[in-house]
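Dock chain B against the given chain X, drawing on the hints supplied.
The lines below spell out each chain.
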Amino acid sequence: METSCGNRVALIGPNGAGKSTLLKAIAGLVPRTTGTVTWRGVAVRKWSREFAYLPQRENIDWAFPITVRGLVEMGRYPHIGLLRRFSSTDAHAVNSALETLAIKELQDRQICELSGGQQQRAFLARAVAQEAHVLLLDEPFSGLDQNASGALAELLGLLAEEGRLIIASHHDLDSAPAIFNEALLLNRTAIAFGPTERVLTAPRLENAFAPINQ
Amino acid sequence: MTAAFQDPFFQRAFVAALLIGFANGFFSGFVVLRRTALSVSALSHTMLPGIALGILVTGALTQANAFLGALAAALLVGLGSVVISRNSRVAQGTALAILYTTAFAIGVAVLPLLSTPAELEEWLFGDIISVSDADLWLSFGIACVVLLLANIFFRPLLLTLFESDVAAAQGVPVRFMNYLFFALLILALVASLQAVGCVLSVGLLVAPAATVSLLTNRTERLFWGGGLLGGLGSAAALLLSWQTKIAAGPSIVIVLGGLFLLAFLLSPKYGLITRLPQRG
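Sequence order for the protein chains is X and B. In terms of the numbering used here, the first sequence opens at residue 464 and continues consecutively. In terms of the numbering used here, the second sequence opens at residue 145 and continues consecutively.
Worth flagging that the hints you see were computed from the coordinates, not collected in a lab. Just so you know, nobody snuck in bad clues.
Listed next, the stretches of chain X that the computed footprint assigns to chain B, with coverage defined by at least 3 CB atoms under 8 Å from CB atoms of chain B:
1) 482 to 492
2) 515 to 522
3) 530 to 537
To spell it out: a stretch of chain B is covered by chain X in this simulated footprint if at least three of its residues, at any positions, have a beta carbon under 8 Å from a beta carbon of chain X; those stretches are:
4) 313 to 327
5) 357 to 368
Pair by pair, the computed Cβ-Cβ distance ranges are:
6) B:K389 with X:H542: 52 to 62 Å
7) X:C575 with B:L200: 45 to 55 Å
8) B:G237 with X:S559: 39 to 49 Å
9) X:S578 with B:T245: 43 to 53 Å
10) X:N470 with B:V289: 47 to 57 Å
11) B:A235 with X:R651: 27 to 37 Å
12) X:R512 with B:K389: 53 to 63 Å
Note that the coordinates shown come from a computational prediction; the quantities given were computed from them, not determined experimentally. For every residue, glycine included, the Cβ atom is placed at its ideal position computed from N, Cα and C.
Extracted from the complex, chain X is given alone in its bound form (with noise of 0.2 Å):
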């Protein structure tokens, strides 16, 4: 699979496929035992700064003590390290970060305070800080209604606009082409990859999600 730099991806299978999976290997975080990922034509060893990677809702612990500014503030550690403090650049990108997810307002809430909408855009500001290239995304729509789904899907095609590459697990078949403008459909292993709508044909879909017969 290759993909560039504004597009917006999603990973579609069911249960089991891989998908979490596969968001880690990108990310680094589970041994990649077969295939690479390539980055700027260099294959990546381990992990990197520009990567960033957003657990499902569920993994966050939510009661941690922290407002929605000390968590995006985090996003500058590895730019950072130990000891320096915050720079006056360092403020200026969380600042920005906050007003491009429209959460300024709410930066000295705690993060438990949020709706599930707002949280799931004080991660992507995090992400925002960081200055990420690829955001690597676990079920971001998961859990959200109408209204937040709708607000979200808007940000992340417009932080893809601004180049960033989106990828993401989702498992919501009807809402996929609207927000994803490419999917790579996988149970195991991958079974298409390609612009939304030419992947997610009723044949493919059928074969992915069909249950294996033992």
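Just chain B now, with coordinates in the frame of chain X:
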């Protein structure tokens, strides 16, 4: 009260309470965020036979021996619980509970047989009034090491505690951070042994930041606030113990626990009583 400060024993104990309270209070931020207060309790009890072992092997009680003995015992019990849970149907928490109480019992049984001046009670509940100049310097040294390392590695530690997956994706050596956390925790426990003993040390390593977490949303305040609360609370508790003749160790833990309950009831934002009118 001024009489207290003219007593050289009290002077030393007062400084020790401030120092140990601050270092432990600061580190309690990490303990609270890691949400493993109960395994800290297991660890502190495990230290007792480790220290007995240290004295038995080397024939002398120094803070260095105590640290190495405590480290060995903690590793043995911690790794032992992992080995048991992997090779049987017993859960790790269950295995840990059996191993640490057994280790603690061995410590309680063996310590009185050793020829050290310290009484069993001092090991269990601390004796900050009898702190010597040398002890004070060592506590100061340990506190400095804990504070320095915790501050140098503050960001990766925080990221590891919050989301270890994201930390790893950003290039943080997550496993090293976990070892570092463990080592700093044991150092902080050894430092607090003199003040509050191994049974009560958990209070000093959990209560300060837990109290602050009820008062603020800002992560940094959890650490510095925990340090201030731990240091000042311990010092105030020492004065209280001087006035009331309550033993110093229990007094420190009672004061810190009382402050936690106060925050739980009266915190401006999250207090139980403060929120009552809004509920009705």
